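Chemist: Each chain, letter by letter, is given below.
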Amino acid sequence: MNALEAVADTADGSTVLIGGFGPAGEPVQLIEALLDSGAKELTVVSNNAGSGETGIAALIREKRVVKIVCSYPRQVDSRHFDEAYRAGRIELDLVPQGNLAERIRAGGAGIGAFFTPTGYGTMLAEGKETRVIDGKGYVLEYPIKGDLALVRAHRADRFGNLVYRKTGRNFGPIMAAAATTTVVQVEELGEIDPEHVVTPSIYVDRIVHIGRAA
Amino acid sequence: MIDRQTLAKLVAADIPAGAFVNLGIGQPTEVADHLAPDSGVVLHTENGMLGMGPQAHGDDVDLDLINAGKIPVTELPGASYFHHADSFAMMRGGHLDVCVLGAYQVSARGDLANWHSGAPDAIPAVGGAMDLAVGAKQVFVMMNLLTRDGKPKLLPECTYPLTGLRCVSRVYTDLATFLITENGVVVRDLHGIAFADLQSLLDVPLIEELS
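As given, the protein sequences belong to chains A and B, one line each in that order.
Just so we're aligned, residue 1 is where the first sequence starts under the working numbering, counting upward by one.
Just so we're aligned, residue 215 is where the second sequence starts under the working numbering, counting upward by one.
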């Protein structure tokens, strides 16, 4: 299966979880394929809002993204996001990084909501339910689920078990579990010792073998 | 007044041997350069690693091995990798001993403002700032005591949007080191300024540490 075939059925209006933290673990070829698929009115959930001309930045430039849920949209080279945001073409839901991760984890784990101390007493908790537990303030946060997750892993075996490389793991395991359809681009196909599996195959629907990105 | 490098040295000297530590982006990153090689301090980077080594150069650069500032780094013996939810769980769960952060402002109660300038046209970006503020057992702030135009950054109340409430335990600045305590703000070290002169710069009542 090639990258375009793997994402071709993405419906307009889908919520897409996109792995990666900066260049580490960014599923570049799958994002390009999503662009080629023509899917639009997307909600993108990712740590950043893209930089330069590739990846999420390209999706925003081509006006495919109506909303982005992320922790850190502003980057040195995030001009396409900045421009869309200032023009009011894109909605931003800013979520502290750890809350973003935990909300995605909760989405894959069947948790209805959870209380977290992060953000309590700040403007990012405004309008949210809060509770004081044992003298400490917490904010109620809800899970995030995707219709599609795009993830980059290092190696997959023929069953769809995954291992990652170094800090490229970042959002991969939790996003794979939180989406209806999970598409993974990998650098290698091969054997994985069951004791070393990071993402078990139950969370993985489609594998695209890309090879090591240049 | 002490320079940036001396300040980083001072913070490094206060990090206990064997501690698990997160150094924030920017000035706090420089603390790593002054940790003793035999200190056994283990650095955490919130994008998913313990045992982070110094910045990578040349052939050592691997774009799958970066720190929270997206700078290529290296791996030390004993390192481990984990996903984002685990990384923030170990922080939120109180397993990190010290986190060192920069700040726009700190209040006398230890409230922290370090993510948003409050400018109405700024594009907001928070990253892990709020998680770091509430996560570690101790939060150290490193900053200049005064803004470029001479306004104090240690205040009775923060005027910038808050990152976290009552989360800062110490404030290391170019002019003095402050301990945020139940009894008030205690001045631990003075760097070439008299206590009375320091007090005259700030609206926060200061307590002189007797040692």
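Just to be clear, a hint being listed does not mean it is correct.
Here are the simulated DSSO-like pairs of lysine-lysine, each with C-alpha atoms no more than 27 Å apart in a straight line [as the list claims (entries may be wrong)]:
(1) Lys145(A) to Lys63(A)
(2) Lys128(A) to Lys351(B)
(3) Lys223(B) to Lys284(B)
(4) Lys365(B) to Lys136(A)
(5) Lys128(A) to Lys166(A)
(6) Lys223(B) to Lys351(B)
(7) Lys365(B) to Lys284(B)
(8) Lys166(A) to Lys365(B)
(9) Lys40(A) to Lys166(A)
(10) Lys223(B) to Lys136(A)
(11) Lys367(B) to Lys223(B)
(12) Lys67(A) to Lys223(B)
(13) Lys351(B) to Lys367(B)
(14) Lys365(B) to Lys223(B)
(15) Lys136(A) to Lys166(A)
Residues on chain B that point at chain A, a partial pick, calculated with CB under 10 Å [stated by the list, open to error]:
(16) Gly349
(17) Gln352
(18) Leu412
By construction, these hints were calculated from the structure, which means they are not laboratory data.
All figures in this text were calculated on a predicted structure; none of them were measured in a lab.
Where a beta carbon is used, it is the ideal one built from N, C-alpha and C, also for glycine.
Chemist: Evaluate each hint against the coordinates.
Modeler: Hints, verified against the model:
1. Lys145(A) to Lys63(A): Satisfied, since the Cα-Cα distance of roughly 22 Å is no more than 27 Å.
2. Lys128(A) to Lys351(B): The hint holds at about 26 Å.
3. Lys223(B) to Lys284(B): holds (24 Å)
4. Lys365(B) to Lys136(A): violated (32 Å)
5. Lys128(A) to Lys166(A): violated (35 Å)
6. Lys223(B) to Lys351(B): Holds: Lys223(B) and Lys351(B) sit about 21 Å apart, inside 27 Å.
7. Lys365(B) to Lys284(B): Measuring from Cα to Cα gives roughly 32 Å; hence the hint is violated.
8. Lys166(A) to Lys365(B): violated (43 Å)
9. Lys40(A) to Lys166(A): violated (32 Å)
10. Lys223(B) to Lys136(A): The given pair, whose Cα atoms are some 33 Å apart, is violated under the 27 Å limit.
11. Lys367(B) to Lys223(B): holds (21 Å)
12. Lys67(A) to Lys223(B): Since the Cα atoms of Lys67(A) and Lys223(B) sit roughly 44 Å apart, the hinted pair is violated (cutoff 27 Å).
13. Lys351(B) to Lys367(B): holds (23 Å)
14. Lys365(B) to Lys223(B): Between Lys365(B) and Lys223(B) the Cα gap is close to 25 Å, so the pair holds against 27 Å.
15. Lys136(A) to Lys166(A): violated (35 Å)
16. Gly349: Since chain A brings a Cβ to about 8 Å from Gly349(B), closer than 10 Å, the hint holds.
17. Gln352: violated (16 Å)
18. Leu412: Violated, about 29 Å.
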